[in-house]
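So you can see what is in the structure, the chains are spelled out below.
2 protein chains.
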Amino acid sequence: MNVIEVPDAADERLADYVRLRDVNLRKSLESEHGLFMAEGEKVVRRALRAGYRPRSFLLTPRRRAALADLVEQMTAPVYVVAEEVAEALVGFDLHRGALASFERKPLPGMDQVLDGARRVVVLEDIVDHTNVGAIFRSAAGLGIDAIVLAPRCADPLYRRSVKVSMGAVFTLPYTRLHDWYGGLADLRERGFQLLAMTPAPGSVLLADALAAADGDRHALLLGTEGDGLSSRWMEQADVRVRIPMVQRDVDSLNVTAAAAIACYEMVRGHSVDRADAGTV
Amino acid sequence: MNVIEVPDAADERLADYVRLRDVNLRKSLESEHGLFMAEGEKVVRRALRAGYRPRSFLLTPRRRAALADLVEQMTAPVYVVAEEVAEALVGFDLHRGALASFERKPLPGMDQVLDGARRVVVLEDIVDHTNVGAIFRSAAGLGIDAIVLAPRCADPLYRRSVKVSMGAVFTLPYTRLHDWYGGLADLRERGFQLLAMTPAPGSVLLADALAAADGDRHALLLGTEGDGLSSRWMEQADVRVRIPMVQRDVDSLNVTAAAAIACYEMVRGHSVDRADAGTV
Numbered sequence: 001m002n003v004i005e006v007p008d009a010a011d012e013r014l015a016d017y018v019r020l021r022d023v024n025l026r027k028s029l030e031s032e033h034g035l036f037m038a039e040g041e042k043v044v045r046r047a048l049r050a051g052y053r054p055r056s057f058l059l060t061p062r063r064r065a066a067l068a069d070l071v072e073q074m075t076a077p078v079y080v081v082a083e084e085v086a087e088a089l090v091g092f093d094l095h096r097g098a099l100a101s102f103e104r105k106p107l108p109g110m111d112q113v114l115d116g117a118r119r120v121v122v123l124e125d126i127v128d129h130t131n132v133g134a135i136f137r138s139a140a141g142l143g144i145d146a147i148v149l150a151p152r153c154a155d156p157l158y159r160r161s162v163k164v165s166m167g168a169v170f171t172l173p174y175t176r177l178h179d180w181y182g183g184l185a186d187l188r189e190r191g192f193q194l195l196a197m198t199p200a201p202g203s204v205l206l207a208d209a210l211a212a213a214d215g216d217r218h219a220l221l222l223g224t225e226g227d228g229l230s231s232r233w234m235e236q237a238d239v240r241v242r243i244p245m246v247q248r249d250v251d252s253l254n255v256t257a258a259a260a261i262a263c264y265e266m267v268r269g270h271s272v273d274r275a276d277a278g279t280v
Numbered sequence: 001m002n003v004i005e006v007p008d009a010a011d012e013r014l015a016d017y018v019r020l021r022d023v024n025l026r027k028s029l030e031s032e033h034g035l036f037m038a039e040g041e042k043v044v045r046r047a048l049r050a051g052y053r054p055r056s057f058l059l060t061p062r063r064r065a066a067l068a069d070l071v072e073q074m075t076a077p078v079y080v081v082a083e084e085v086a087e088a089l090v091g092f093d094l095h096r097g098a099l100a101s102f103e104r105k106p107l108p109g110m111d112q113v114l115d116g117a118r119r120v121v122v123l124e125d126i127v128d129h130t131n132v133g134a135i136f137r138s139a140a141g142l143g144i145d146a147i148v149l150a151p152r153c154a155d156p157l158y159r160r161s162v163k164v165s166m167g168a169v170f171t172l173p174y175t176r177l178h179d180w181y182g183g184l185a186d187l188r189e190r191g192f193q194l195l196a197m198t199p200a201p202g203s204v205l206l207a208d209a210l211a212a213a214d215g216d217r218h219a220l221l222l223g224t225e226g227d228g229l230s231s232r233w234m235e236q237a238d239v240r241v242r243i244p245m246v247q248r249d250v251d252s253l254n255v256t257a258a259a260a261i262a263c264y265e266m267v268r269g270h271s272v273d274r275a276d277a278g279t280v
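Taken in sequence, the protein lines are chains A and B. Under the numbering used here, the first residue of the first sequence is numbered 1, with each subsequent residue one higher. Under the numbering used here, the first residue of the second sequence is numbered 1, with each subsequent residue one higher.
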């Protein structure tokens with residue numbers, strides 16, 4: 001175990017952890033160095049279990065014991081910093097936190113992610129990291145096989161996405177389309193029925209669309225909460241689907257709630273969980 | 001229209017709007033004065049449509065026109081304050097915001113809220129305002145008839161709940177149990193089957209429980225994300241239910257995702273939305 005106490009927030013060895021709430025800084029720093037950040041003991045453990053290689057750990061004295069069993073076997077440095085140093089470094093109070101910086105892996109290709117997959121979710125331009133993380137968490141928990149991201153969709157390995165997903169971004173296979181315009185054709189060629197979720201007129205209930213489908217490969221397309229899917233993707237879809245809603249005043253569903261319900265509907269009847277235990 | 005420009009954040013007429021992110025201060029201030037806060041043009045409009053009486057409005061100059069059609073007919077004062085004054089007053093940048101302070105109404109009783117209701121959600125000790133707001137939004141959109149809150153559940157009219165619910169807290173009838181220990185007996189006497197959502201062993205799939213039920217009145221009990229329902233409420237429930245989950249590493253659902261799915265499952269087959277239009 002390689003424990004190093006660092007008294008100075010400006011120490012270069014802590015550079016991975018600087019200003020964690022500065023989205024623009026973090027985006028460039030993380031892509032430049034090919035790293036991502038895991039926060040909290042549970043999520044750090046999941047990243048390690050998923051085979052990600054740690055660059056370093058950052059602990060405050062009171063969290064030093066939290067990961068002791070893990071970091072003992074690690075060659076990556078464990079930086080222990082006082083709480084004031086941690087706060088000056090990351091930009092918020094870390095007193096309950098444990099952080100680790102990990103190396104990214106190359107994204108797998110479409111072949112690898114979609115081989116054997118039957119129910120996938122495709123996120124178009126969901127730029128909110130919280131929403132991306134929440135959708136990964138639900139999709140993973142409910143048994144969706146894979147996620148495909150449009151080129152402009154937010155990064156699942158961004159700190160906020162990782163945290164909200166509870167680490168589901170490490171376990172649920174995903175990849176990213178290079179080509180927004182033509183990307184859906186690839187999915188269709190692989191036999192996926194393309195279901196576009198939309199509030200626009202002319203949609204059918206998702207359950208009805210799934211019941212009427214010929215094949216057993218379905219790709220649910222989700223757009224951003226405000227604007228929904230692009231007209232290009234709407235045109236490319238095989239069918240437009242919705243979740244049944246009442247119109248009490250102007251109620252609508254949050255995109256993460258809609259995604260959870262849609263994932264549930266897609267796996268219903270196929271679920272492996274018929275045993276006598278489950279998790280809400 | 002009663003427009004008043006106020007140059008000083010310390011002006012007593014602005015007292016309803018002070019330090020909106022100071023949870024403890026706001027809780028006591030709002031309960032003492034029987035008020036709540038609506039934020040954003042859409043939510044303010046929904047509060048007015050739902051019949052809540054405004055105490056006052058707070059607008060920055062650039063938002064002055066946003067509610068013009070509405071405030072013209074109002075006798076409540078419209079305070080217009082410079083952006084710096086607004087920020088000093090509420091504690092964050094309000095440059096896109098419009099605020100209004102409303103008078104609370106007395107909570108309706110169980111009789112009023114549950115008369116004719118068939119599918120209700122009961123929230124035990126969900127203390128997170130964001131989660132309460134998100135659950136209201138999904139429940140309202142999907143067609144749940146009412147919500148019942150345990151005594152310690154967070155306030156749906158707290159600013160953050162109101163905002164996250166998009167104003168669904170104004171339209172979905174709800175009330176609060178006075179008696180946590182004995183409150184479920186009242187629901188059972190009214191003919192509701194009590195379904196306790198839980199990850200603990202011994203649960204059945206929610207869909208199976210609903211299919212096997214005799215009556216048509218169902219109350220879904222939801223506990224807090226970490227600890228779940230209390231043992232008292234678990235004992236009082238008629239059946240323990242779960243959503244089908246895969247166990248990929250330690251995946252679980254967020255309480256708001258679980259609530260959305262459960263609401264969807266409860267209304268499935270009963271939904272009024274079979275028409276050719278919907279909202280995701």
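Quick caveat, the hints were computed from the structure, so don't treat them as lab data. Just so we're clear, the structure is a prediction, and the values are computed from it rather than from any experiment. Do not rely on the hints blindly, as some may be mistaken.
[Stated by the list, open to error] Partial list, computed: chain B residues near chain A (C-beta under 7 Å):
| id | residue |
| --- | --- |
| 1 | Asn2 |
| 2 | Val3 |
| 3 | Ile4 |
| 4 | Val6 |
| 5 | Pro7 |
| 6 | Ala10 |
| 7 | Gly141 |
| 8 | Trp180 |
| 9 | Gly182 |
| 10 | Ser252 |
| 11 | Ile261 |
[Unchecked claim] To be clear about the criterion: a stretch of chain A counts as covered by chain B if any three or more of its residues have a C-beta under 8 Å from a C-beta of chain B, and this derived list gives those stretches:
| id | stretch |
| --- | --- |
| 12 | 92-98 |
| 13 | 175-187 |
| 14 | 239-245 |
[What the hints assert, rightly or not] Non-contacting residues of chain B with respect to chain A, defined by C-beta distances greater than 12 Å in every case (computed):
| id | residue |
| --- | --- |
| 15 | Glu72 |
| 16 | Gln193 |
| 17 | Val267 |
Using N, Cα and C, we set each Cβ at its ideal position, and we do this for glycine too.
Going through the hints against the structure:
The restraint placing Asn2/B at the interface with chain A is violated, with a minimum CB-CB distance near 27 Å, outside the 7 Å limit. A cut of 7 Å between beta carbons decides the hint on Val3/B: the least distance to chain A is about 28 Å, and the hint is violated. With a least beta-carbon distance of about 30 Å to chain A, the hint placing Ile4/B at the interface is violated under the 7 Å criterion. Against a cut-off of 7 Å between C-beta atoms, the interface hint on Val6/B is violated, since the closest Cβ of chain A lies about 32 Å away.
For Pro7/B, the shortest C-beta to C-beta distance to chain A is roughly 33 Å, which exceeds 7 Å, and the interface hint is violated. The closest approach between the C-beta of Ala10/B and any C-beta of chain A is roughly 29 Å, which is over the 7 Å cut-off, so the hint fails. The beta carbon of Gly141/B comes within 4 Å of a beta carbon in chain A, closer than 7 Å, and the hint placing it at the interface holds. A distance limit of 7 Å between C-beta atoms decides the matter here; for Trp180/B the minimum to chain A is near 21 Å, and the interface restraint is violated.
Interface hint at Gly182/B: violated, since its Cβ lies 25 Å from the closest Cβ of chain A, which is beyond the 7 Å cut-off. Annotation: interface hint on Ser252/B holds; nearest CB of chain A at approximately 5 Å, less than 7 Å. At a threshold of 7 Å, the smallest CB-CB gap from Ile261/B to chain A is about 5 Å, leaving the interface hint in force. Restraint check on the stretch 92-98 of chain A versus chain B: 0 residues with Cβ-Cβ distances below 8 Å, three needed, restraint violated.
Counting residues of the stretch 175-187 of chain A whose C-beta sits closer than 8 Å to any C-beta of chain B gives 0, which falls short of three, so the coverage hint is violated. Proximity of the stretch 239-245 of chain A to chain B, defined as three or more residues with a beta carbon under 8 Å from a beta carbon of that chain, is established by the 4 residues found. The claim that Glu72/B lies off the interface holds: its Cβ sits roughly 22 Å from the closest Cβ of chain A, which is beyond the 12 Å cut-off. In this structure Gln193/B is separated from chain A by more than 12 Å, as the shortest Cβ-Cβ distance comes to about 18 Å.
Separation of Val267/B from chain A is inadequate, the least Cβ-Cβ distance of about 7 Å not exceeding the 12 Å criterion.
Consistency with the previously given hints fails for numbers 1, 2, 3, 4, 5, 6, 8, 9, 12, 13 and 17, ordered from lowest to highest.
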